[in-house]
Amino acid sequence: MAPRVGVVQFPGSNCELDVVEAVRLLGGDAEILWHGDATVAGVDAVVVPGGFAHGDYLRPGAIARFSAVMGAVSEFAAAGGAVVGICNGFQVLTEAGLLPGALQKNRGLKFLCTTVELRVESVESVLTSEAVHGAVLRVPINHFEGNYTCSPETLAELQDQDQVVLRYVQNPNGSVDDIAGITNAGRNVVGLMPHPERASSALLGSEDGLPLLRSLLATAGAPA
Amino acid sequence: MTDAEATPIHRALGLTDAELGDITSILGREPNRLELSMYSVMWSEHCSYKSSRIHLKRLPTTGEGVLVGPGENAGVMDVGDGIAAAIRIESHNHPSFIEPYQGAATGAGGILRDIFTMGARPIALMDPLRFGPLEDARSRWVAEGVVSGISGYGNSVGVPTVGGEVVFDECYKGNPLVNVLCLGILPVDRLVLAKATGAGNLAVLLGSSTGRDGIGGVSVLASAGFDEGSEDKRPAVQVGDPFEEKRLIEACLALLDAGLVVGIQDLGGAGLTCAASETAANGKMGMDFDVAAVPRREDGMEPFEVMTSESQERMLAIVTPDGLREVMRLCERWEVQATVVGRVTEPDAGGVGWLRIVDGFGGEVLAEVPASSLHDAAPLYDRPMAEPVDLAGRRAEVVGAPADADIAETLLGLLCDTTWVSSQYDHQLFLNTVEGPGGDAAVLRLKHPVTGVDTGRGLAITTDGNHRWCAVDPRVGTALTLAESVLNLACVGARPIAVVNCLNFGNPEHPEVMWQLSEAVDGLSEACRAFGLPVIGGNVSLYNESRGTDIDPTPVIGVLGVVDQLLRRPPGVALVEGDALVLIGDDLRGPAPSLAGSAVAWAVGNKGGSLVPFDGPAHTAVADLVRSLAIEGALRGVHDCSSGGLGLALAELSAQSGIGARVSGVPTAAHLLAELPSRVVACVPADAADGLVARATAAGVAALRLGTAGGDRFVVERGDGTAPMVDRPVAEVSARWRDRLPDALGAGTSQN
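Each protein sequence line maps, in turn, to chains A and B.
For the record, in the first sequence the residue sitting at position 147 is 147 according to my numbering, with numbers rising by one throughout.
For the record, in the second sequence the residue sitting at position 60 is 60 according to my numbering, with numbers rising by one throughout.
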């Protein structure tokens with residue numbers, strides 16, 4: 001049976017259908033998880049997609065973490081379930097305490113939509129298991145608050161525990177240590193600012209996001 | 001004596017004495033304050049097109065595939081596979097000068113509502129922008145604010161901005177142009193119109209509460225020019241909330257999907273007055289409208305303020321009483337406020353539908369007017385027109401080329417990469433964007449709006465305007481602008497199917513401006529007929545003047561195209577090392593052409609001369625050839641020759657790809673820099689160049705092998721052994737192109 005991926009929809013999310021489309025392209029099943037329902041509906045993996053959940057009011061992710069679905073997502077993650085936050089979803093996961101650190105405004109103080117190069121730094125995570133260590137991927141970014149920051153202690157821990165899974169080849173936003181994506185200690189929760197679903201077709205300019213999404217489907221499809 | 005005593009109220013509202021007389025005769029009595037306010041916004045230039053309607057009638061509006069033409073919220077085309085495309089273009093020029101961020105943001109918000117009002121999901125925005133010169137600190141402030149506003153609103157509301165234009169010119173210093181085009185798609189069978197039918201049906205106000213923002217925006221702000229004290233008009237600019245709009249889009253599309261909507265209308269210019277009267281008039285019905293029921297942001301608002309407020313993010317849906325419960329449930333899910341504010345009523349025995357503004361249903365009647373009179377009875381002006389007195393002399397002027405020593409610098413000075421702007425816009429959302437900003441036209445995958453099934457075809461859109469051509473000759477200039485759009489589409493393999501236009505002009509009370517408008521309409525009509533294209537929507541923005549000086553006439557044309565087989569990415573503005581460069585549409589054997597209307601002429605202040613005439617069949621032959629080549633995959637790079645002529649097309653190809661070029665056989669600087677229409681530069685494998693020239697010749701299209709792409713220098717030679725006209729390192733060409741905007745906008749801004 002194809003793995004089922006639940007994609008969270010908050011009011012203000014806007015990349016949820018793009019993620020659904022990319023998951024289906026790879027043969028996965030995808031369904032929308034409404035933010036107001038306190039359940040992940042038995043899916044095999046959860047994606048918190050990009051957008052502006054609750055309008056990014058207060059700050060990105062600050063209100064979304066109180067949506068009913070997030071309690072269920074936290075429990076799912078605590079039980080070892082695969083959870084990926086993309087862009088605004090990464091911001092939501094840091095606000096929800098599922099990942100360390102925070103995303104602040106880009107160094108240039110401008111919104112930035114462009115395609116960047118990412119280096120795969122660790123294949124030990126639910127989003128990179130099928131990728132090649134050291135491979136360089138061309139994947140779009142699309143954010144105002146993508147400048148990853150954390151305490152020196154947290155950074156040391158991320159580095160020591162091989163939790164930085166993706167780094168920018170050329171840092172576009174000022175993120176500490178060129179960090180584009182991280183995983184948690186359990187390696188089942190990943191947050192990243194770039195959009196792998198936007199790199200899912202040669203017609204759109206890049207297929208480099210596919211190894212990442214394939215990793216998620218492989219994890220989700222594996223017997224528990 | 002106070003101002004209020006000095007100015008009669010109708011004049012303060014922007015109505016003339018004659019217009020007051022018309023209202024009095026319609027009503028058979030003196031209008032009250034509320035009624036006057038309602039007529040003043042609906043009869044404003046912005047809402048009624050009273051100065052331009054008489055001319056717009058000359059545009060061709062019918063053709064194959066047209067589902068909805070001009071006059072509705074958006075034009076709609078059948079694009080096959082059960083899918084319709086809704087498209088509209090609008091201006092938000094005046095608000096953006098006063099308050100750039102909010103002016104531009106609410107411009108985007110307004111046009112999105114026009115699109116989903118038709119039942120369509122908005123899938124793309126384009127932003128043709130025109131600002132004062134980069135050397136002017138206030139113009140930079142306007143430019144930065146406008147771009148931030150589009151970025152802040154468009155990105156957050158979740159609609160990609162896939163292209164547009166950015167032009168800087170002295171004539172926009174006191175009056176920038178902020179146009180915005182929106183494209184949406186819908187299943188053909190879901191098309192809805194702004195119509196209230198069925199007596200007893202309910203009008204439900206969706207979205208934001210109503211505040212005092214934007215009162216009189218259409219009459220006070222959009223329908224008058226700028227002078228000293230324009231800053232005082234800032235309260236007439238609305239404030240946008242993209243999160244509210246995003247929820248409103250989702251809620252409205254959910255209501256439409258569920259079949260709960262009889263008719264729907266957005267609240268834009270003229271607010272509730274427009275939405276209530278338009279839905280009633282379109283349905284040939286009346287409406288009782290309970291002004292007391294309207295949720296308000298603040299206490300103490302007068303009925304006239306509620307009825308004319310332009311508070312953003314509001315829609316008026318007509319629903320059946322039976323469906324109301326489900327409507328409320330869906331709105332609650334999306335956290336969208338919904339309030340019953342009106343009831344559809346039968347017309348009277350004479351067939352007149354009355355819009356009655358009441359204080360509570362059954363309560364006091366505050367206003368009572370024939371709903372249709374707010375639209376159909378609006379005045380129609382045939383304003384005096386006069387061509388400029390010095391026209392003949394101006395057109396006889398000879399516009400020469402720069403001296404040899406200045407050619408390279410002149411050319412490089414025209415380079416301007418607009419990535420600084422487009423990188424602030426999300427241009428990829430929805431996984432449709434095959435070609436985004438920076439190309440000749442945007443190309444989007446066409447997926448079914450409900451099933452998501454990929455049709456294997458694409459939609460393409462482009463916007464183009466050229467105020468220089470139109471200043472020299474508004475008629476030919478407008479025709480050539482549409483021709484450029486057609487060629488831009490051809491470069492990405494698309495065939496054009498429909499046109500929208502945004503006619504940005506000066507003060508219609510100036511006879512020369514009305515002459516420009518009339519000429520532009522005729523030029524557009526002529527070109528549309530030559531290409532067999534219908535105009536399915538448009539917008540007229542007048543009073544673009546500052547301190548008595550009108551902008552150059554600036555018709556902005558948007559064209560929708562279809563890519564019948566979207567198998568590969570279009571060639572794009574690119575060079576491949578070692579390839580041949582071929583000019584299609586010209587063999588450079590003619591005499592040195594005039595530089596009239598060119599960027600080069602403008603740079604030295606020469607606004608005279610004559611444009612070459614528009615030649616429809618010749619242009620069509622070039623566009624057909626280029627389109628075929630693009631679809632076949634025969635081109636490895638392509639760029640049309642437009643502003644800056646052949647020289648800038650070559651320089652942009654080189655700058656953008658970082659690859660040099662060596663071309664020869666360009667006889668004079670005029671051949672390099674003149675802006676002749678119907679030409680593209682193609683980059684093809686070296687062994688394919690002669691075949692391409694032969695194929696073009698067979699198709700009756702002139703062509704010339706210009707030279708070779710590659711190396712690290714950008715060189716243009718005459719081919720007669722004399723020193724090159726241009727010889728610069730490609731690194732310099734790229735840097736000049738790339739750094740122009742960031743360097744200029746890094747120079748600081750000023751509000752003053």
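Just so you know, not all the hints are guaranteed correct.
Which chain A residues face chain B? A few, computed with CB under 8 Å, are given here [claimed, not checked]:
#1 66
#2 111
#3 113
#4 200
Far from chain B, by Cβ distances over 10 Å, these chain A residues were calculated [as the list claims (entries may be wrong)]:
#5 31
#6 38
#7 65
#8 164
#9 211
Since the hints were made in silico from the structure, they are not lab data.
Built from N, CA and C at the ideal position, the CB exists for glycine as well.
Flag every earlier hint the structure violates by its number, smallest first. 1
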